[in-house]
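Engineer: In case you want the letters, here they are:
Protein chains: 2
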Amino acid sequence: MEAVILSIGNEITTGQTVDTNSAWLSRQVSELGIRIPRHVTVADDLEAIREEIEQAARKTDLVLVTGGLGPTEDDLSRQALAAAMGVDLEVREEHVERIRAFFTARGRQMPESNRTQALFPAGSEAIDNTCGTAPGIKAVCGRATVFVMPGVPREMQEMYRLAVRPFLVRKTGGTRMQAVTLHTFGAGESDIGDLIRDLMDRKHNPTVGTTAKQGVISVRIHSYGRNQDESRLLLEETAAEVRKRLGTLVFGQDEDTLAHAVGRLLIAKRKTLATAESCTGGLIAKLITDVPGSSDYFRQGLVTYANEAKTRLLGVPAGLIQKYGAVSHEVAEALVTEIRLRGEVDYAISVTGVAGPGGGNAQKPVGLVYIGLADATGCEVTRHLFGEHLTRAEIRERTAWTALNRLRLSLGA
Amino acid sequence: MEAVILSIGNEITTGQTVDTNSAWLSRQVSELGIRIPRHVTVADDLEAIREEIEQAARKTDLVLVTGGLGPTEDDLSRQALAAAMGVDLEVREEHVERIRAFFTARGRQMPESNRTQALFPAGSEAIDNTCGTAPGIKAVCGRATVFVMPGVPREMQEMYRLAVRPFLVRKTGGTRMQAVTLHTFGAGESDIGDLIRDLMDRKHNPTVGTTAKQGVISVRIHSYGRNQDESRLLLEETAAEVRKRLGTLVFGQDEDTLAHAVGRLLIAKRKTLATAESCTGGLIAKLITDVPGSSDYFRQGLVTYANEAKTRLLGVPAGLIQKYGAVSHEVAEALVTEIRLRGEVDYAISVTGVAGPGGGNAQKPVGLVYIGLADATGCEVTRHLFGEHLTRAEIRERTAWTALNRLRLSLGA
Chain A
1 MEAVILSIGN EITTGQTVDT NSAWLSRQVS ELGIRIPRHV TVADDLEAIR EEIEQAARKT
61 DLVLVTGGLG PTEDDLSRQA LAAAMGVDLE VREEHVERIR AFFTARGRQM PESNRTQALF
121 PAGSEAIDNT CGTAPGIKAV CGRATVFVMP GVPREMQEMY RLAVRPFLVR KTGGTRMQAV
181 TLHTFGAGES DIGDLIRDLM DRKHNPTVGT TAKQGVISVR IHSYGRNQDE SRLLLEETAA
241 EVRKRLGTLV FGQDEDTLAH AVGRLLIAKR KTLATAESCT GGLIAKLITD VPGSSDYFRQ
301 GLVTYANEAK TRLLGVPAGL IQKYGAVSHE VAEALVTEIR LRGEVDYAIS VTGVAGPGGG
361 NAQKPVGLVY IGLADATGCE VTRHLFGEHL TRAEIRERTA WTALNRLRLS LGA
Chain B
414 MEAVILSIGN EITTGQTVDT NSAWLSRQVS ELGIRIPRHV TVADDLEAIR EEIEQAARKT
474 DLVLVTGGLG PTEDDLSRQA LAAAMGVDLE VREEHVERIR AFFTARGRQM PESNRTQALF
534 PAGSEAIDNT CGTAPGIKAV CGRATVFVMP GVPREMQEMY RLAVRPFLVR KTGGTRMQAV
594 TLHTFGAGES DIGDLIRDLM DRKHNPTVGT TAKQGVISVR IHSYGRNQDE SRLLLEETAA
654 EVRKRLGTLV FGQDEDTLAH AVGRLLIAKR KTLATAESCT GGLIAKLITD VPGSSDYFRQ
714 GLVTYANEAK TRLLGVPAGL IQKYGAVSHE VAEALVTEIR LRGEVDYAIS VTGVAGPGGG
774 NAQKPVGLVY IGLADATGCE VTRHLFGEHL TRAEIRERTA WTALNRLRLS LGA
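Just so you know, the protein sequences line up as chains A and B, in that order. Residue 1 is where the first sequence starts when you use our numbering, and the numbers rise one by one after that. Residue 414 is where the second sequence starts when you use our numbering, and the numbers rise one by one after that.
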């Protein structure tokens, strides 16, 4: 079974709103084993919407439309669907009353314009909207079943769950696709590709692909079986093979970040952690504490942004900072040694660098970062050049992930 | 002039990734007065990509493609464009060398697979990628000029600015639309709506709309004139009216965050700042130091996550924490008073709360937060209930913005 996802609205085609509905619906529908060859977004234009519905309904079994059901003149999905079906619109009085009741329950009078929301193409079914005024529409057009849902994400999602999903589960027999995303850190996308080339070359089931974001290379695996068990088995085989080949490059899956991976290892080993950050300015502590339950291992973080703060909070000698500069191997070492001792923790991370855009020079360019890592056996400082072509935000994020990855590996991941 | 925006990738059609590139490009292109009738996303399928490029190139003047330029087998945009143009791909050795140089500069060897990124349809132009390996492509196909750009947002945006925009400015004569977004904090979306209803009801130029995100209500204004000066004049009139009505609710515009607003005020008044965070775990320091130049006023931040850290770093008596609890008016007050004194700064912020999802109870539910603010005249602690329906990340972000907004107002914004 194939589906086309169609979203309607000038606010999307002009870029004022990012279309998150299509991604949400795609995830839902993919899980049922329905393939999605394309998403289309069209402006609030009757002819254009009609044409897209018609074209999609010729080629696919299912068309999911979001948006264009509001009460204003630029809401044209009802008219376009009727035109594509070659039928007229008809008012259904019971829906006028439902919409009126929605307003009455909120102590307001229904504006006349909302009557248009009770218009339906002849022969179509109305779908109740449990959290807004606009009812949805289910209709047959060409070879396809077409569902039209509101553009407001919460209303759309609720309508999908209550009315669309049950229909699709009946049609498909329920979830057949399984998916997992394995996240790696420490190698480039082409290096990862080289290690799993033959799996990525497979045209068929399960499929394997990679995406890259801020140094994290993610491997996505999708499997389709005749039933859920078969899908899961196929998925697990391929996931195990990818994990075997990538070894400790893999730090987690799906919603995991490096902070989750680090957290799990610290809990398993009953170890504690503290941080001393300069150029990342609290980002590493923020990422660590994004994880619920991080209070079990994270004790404290210092953002020693000014040089005096490095001296006052961690006793880094002013002379050392003057001699080597705040961005130096020596200062990173002093910071990490002191935060570990004073924080009375097992592991400590320190960071000092030039995040830019200003503050760089030939000796210490933007993107130069020193990362210190200390444990009971001593401390080690690494030097990184994150490249002047990265933005301040990117340099900070790369730095944070690199530091957390070093900690992960030293925890024996 | 009309443009179709085409994004490529299974990660988008399966909903793993939300397509933000199309929205970004649409905003850029709309500003030049170019109409965008549709966005299309297609899966990594050679035939499907070719068909979409061909179809778009028949109907419109401009096709902007993002994605499918990576070095792996599922990157098919080059091949699809060549097929749509009816030409072969050719290797351009100078681009192999550029890609090799990109790796060499990073101390790595170019994987063989990256050679495919130097393939171009015969007769097309290469576009340099200043921040990644994949060059872009400019070609003529049907009646359209086609640009293919990388899917990585940063690389795509940079390529658009350097190579695509100048071409479009020559074609269109430059910007006719002007837009500004004013950001507010401290009132709800319907309250803001009530203050500027008549401006929002205008069907015409300039148009005014609101969006809400994590307590920040943003007012978007668009104007279209016969030329850039007329557009700007129209925009400035309406923006001035909105600013007048909303007063100190407005904290900035466009890329500004509350951290920028606070930074500008601290610089203007030559004041310094320190933070002591518990439940936000470094987020406030991170947001402050997101701003380039924040080292001029931000001295230090403490993440006193564990109770012992509150005592050790800021001398908060263990007895006080035991008596009132870490999440209390008293502890917020002690934290903010001590961080201001010990940090030797003019202003200080403290935060302690229950970010959840665990750790709440009837007396101290998830979402309860105390925010302390101290200056030379003393300190004030406010109590907030951010609601148990918010996620951990949302509670932390609301808390951070609320704290920064209190500081902004106390700096006399």
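Since the hints were made in silico from the structure, they are not lab data. It is possible that some hints are incorrect.
[What the hints assert, rightly or not] Computed list of lysine-lysine pairs in DSSO-like fashion (alpha-carbon distance at most 27 Å, straight line):
#1 B:LYS682 to B:LYS657
#2 A:LYS138 to A:LYS171
#3 A:LYS213 to B:LYS551
#4 B:LYS626 to A:LYS213
#5 B:LYS472 to A:LYS59
#6 A:LYS213 to A:LYS364
Engineer: Now tell me if each hint is right for this structure.
Structural biologist: The hints, checked one at a time:
1. At most 27 Å may separate the alpha-carbon atoms for a hinted pair to count; LYS682 of chain B and LYS657 of chain B meet this at roughly 24 Å.
2. For the given pair, LYS138 of chain A sits about 15 Å from LYS171 of chain A by alpha-carbon distance, which is consistent with the 27 Å threshold.
3. Proximity of LYS213 of chain A to LYS551 of chain B is assessed by CA-CA distance (about 25 Å); at most 27 Å being required, the pair is judged to hold.
4. Between the alpha carbons of LYS626 of chain B and LYS213 of chain A the distance comes to roughly 24 Å, so the proposed pair stays at or under 27 Å and holds.
5. In summary, the hint linking LYS472 of chain B to LYS59 of chain A is supported, as the alpha carbons are separated by about 20 Å, within the 27 Å threshold.
6. As the CA atoms of LYS213 of chain A and LYS364 of chain A are separated by approximately 26 Å, the hinted pair is consistent with the 27 Å bound.
Consistency with the previously given hints is maintained throughout, with no hint failing.
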